[in-house]
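Chemist: Construct all of the structure, not just a fragment, from the sequences and the given hints.
Chains as they are written, first to last, in the numbering used here: chain W, 1 to 437; chain X, 1 to 235.
Incorrect hints may appear among the rest.
Mimicking DSSO-like on lysine-lysine, the simulated pairs with C-alpha atoms at most 27 angstroms apart in a straight line are [stated by the list, open to error]:
1) X:Lys154 / X:Lys52
2) W:Lys90 / W:Lys44
3) X:Lys213 / W:Lys390
4) W:Lys348 / X:Lys218
5) X:Lys213 / W:Lys348
6) W:Lys366 / W:Lys222
7) X:Lys222 / W:Lys325
8) W:Lys419 / W:Lys325
9) W:Lys325 / X:Lys213
10) W:Lys311 / W:Lys419
11) X:Lys218 / W:Lys311
12) W:Lys348 / X:Lys222
13) W:Lys311 / X:Lys213
14) X:Lys218 / W:Lys325
15) X:Lys182 / X:Lys167
16) W:Lys366 / W:Lys429
17) W:Lys222 / W:Lys303
18) W:Lys429 / W:Lys419
Hint data in this document are derived by calculation from the structure and do not stem from the laboratory.
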Amino acid sequence: MKTFFRIIGTLVVLGVVALLAFIFVPVQRTGPVTQLAADFKPAKGQGEYVMRAGDCMACHTSEGGKPFAGGRAINSPMGVIYTTNITPDKETGIGTWSLDDFRAALYDGVDKEGHHLYPAMPYDSYRKLSEEDVVALYDYFMKEVQPVKAEVPETKLAFPFNMRFGLRAWNWLALGDAGFKPDASEDAMFNRGAYLVEGAAHCAACHSPRNLMMMSSGTNAKDAAFLSGGEIDGFTAPDLRGPQSGPQQWTTEQLAEYLLTARNAHSSATGEMALAIRDSLQYLTKDDAMAIATYLRKIGAGKGAAPVAEKAEVTPTQTLLTDAKPDMPLGPRLYLDNCAACHIVNGKGAGETFPALDGNSLVTAKSAKGLISVILHGAELPSTERRPMKLRMQGYDDRLSDEEVATLATFLRDGWHNKAPAVTAAEVKAVRDEAHH
Amino acid sequence: MRDLPGLPSRRTFLKASAASAAVAGVAAVSMPAEAAAPAPTPLTEYKPDCLKPTEWAFVMAAVARLIPSDGDGPGAIETRVPVFIDKQLAGDFGKASDWYMVGPYEPAASPLRGWQTPLNPLEIYQQAIPVFDDWCKATHGKIFAELDAATQDKALTSLQKDEMKIKPELREFFGILLANTKEGYFADPMYGGNHGMAAWKYIGFPGARGSYKEWVGKHNVKYPLGPVSISGERG
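Modeler: And the structure:
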């Protein structure tokens, strides 16, 4: 009996020690993935370019706030996470951080004091940044960004998510090796695209599904779920690899055009993607945009082959709309009354101006929230350097009832070549009510 | 006076409430059920935004002669043109909010010089209606709204020809009364007139649908759909 208690006691002590170690032993920080020459100096503009590719500014700047001074509220399923001040201010920013501290935040998701960052910071992607880019980015933040003294609201998630040490276990499972491993069987352009997509541009943060532990499925193209579509705040981030997905239906040039200007011959960007293009992707060089497009098309169902030209056929939907019979169902009637002037009876819209609705990933998305939101509140293309016009679609929230929006959305999701389930008035009401908050 | 196709005959004054009921009946038949809006306040119970009772009575009577309810097609009363005029006079148009309304004023200047009176449209209605009513009483024995239809037509013709020599500050009165009546008849229903898009249905105007590109090449084919309004009413 005595021995039994001794064993139990020892196990308890060991357990407590392990737990304390789990909580208090500092995380081993990943060092540089390559050893740079002592006199390495990033090229002029390289740091800012990496910042743009990584879209740091979008999250680390509050609405109307100073650049990089943090304080933006990020709505996560666990609660509101406030982004931090990453200006080189010594008290409230990262002014006292060394290159190693900085790299640890990008690679391991820990701050200078060793606290875990919430994975709203996409360190599972930034972990692939090359040492050259890490140094360039560090250089940029320390030398080119204006220090701003600004405290940000403390992130207070509910239990158990406020136990940041728990992220240690999450990191064990979610993080792969640091650094980017090029695919030797592919060319430099493909690998440059892979490096950008998997690393700085952190496309997977939205476009990959997350598992029950909120981890992105896969960190590279070898995982079939990687970039197969995800969900963000109830909106669907479309699949990028399936045969019906935009990247696989468009040419490489058209995909690059979309990334740089938010519009191409087929579609236009809305919601979070419009913001990603406005704040980040439009700053990429044409070559990098082409590299991303090449990579995305190669890892998809099309395997990089040129898309099959569409057959010029008249769908029953187009015939129904063209005939405009007074006894037509309400869905197509609403389309004629509200949409057809721009999106045309063939559902093809007009290139670089009005997106096609036939085969549009937003229209057929798993969650109809994005489609409903655009019908109710409209959409606006971001102004980009190459295409500055902020083309705008008005909202129809004052013109269409919940039932009418549901009927119209159901028609769009089942019109032309589309095949997606119906939308209910309750779904529409939920989106309408959300906007009134 | 006016030359609307299919309106050859004159009619006796149709009671506004009766006309509204008639139009509500028509609307219920021709509009899809889900678009049928609740019946609006009858004109006889309508509380004007800016017109006083005598002014309202005049506008009701005058527009009923300018676009009468008998003959083919709806009249100004069934399409609620008086509501449109009241709302416009109560708003920016009535106050001439976005017009150049700074002197010097030359009300007697050539009409080719446009709006020369210091009065805004609402003030013109307010000042001209009593003048015209007085003239009707002196000439025909009753104020305008109480005259029979034939005499009302005669009085309006006299007003148009300025037989009473109205003062120059008010000379725009007949012009804006006629224009506002047409506007109320044909404007989008969101402004209070063209109720149920009845005027659009009558002339076959398909409304604010935006584009009819696929119909451009279809010659001598009647466009089949009824109109749609800016707020999405379907007719």
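Chemist: Hint by hint, which ones does the structure fall short of?
Modeler: The structure conflicts with no hint, since it agrees with every one listed earlier.
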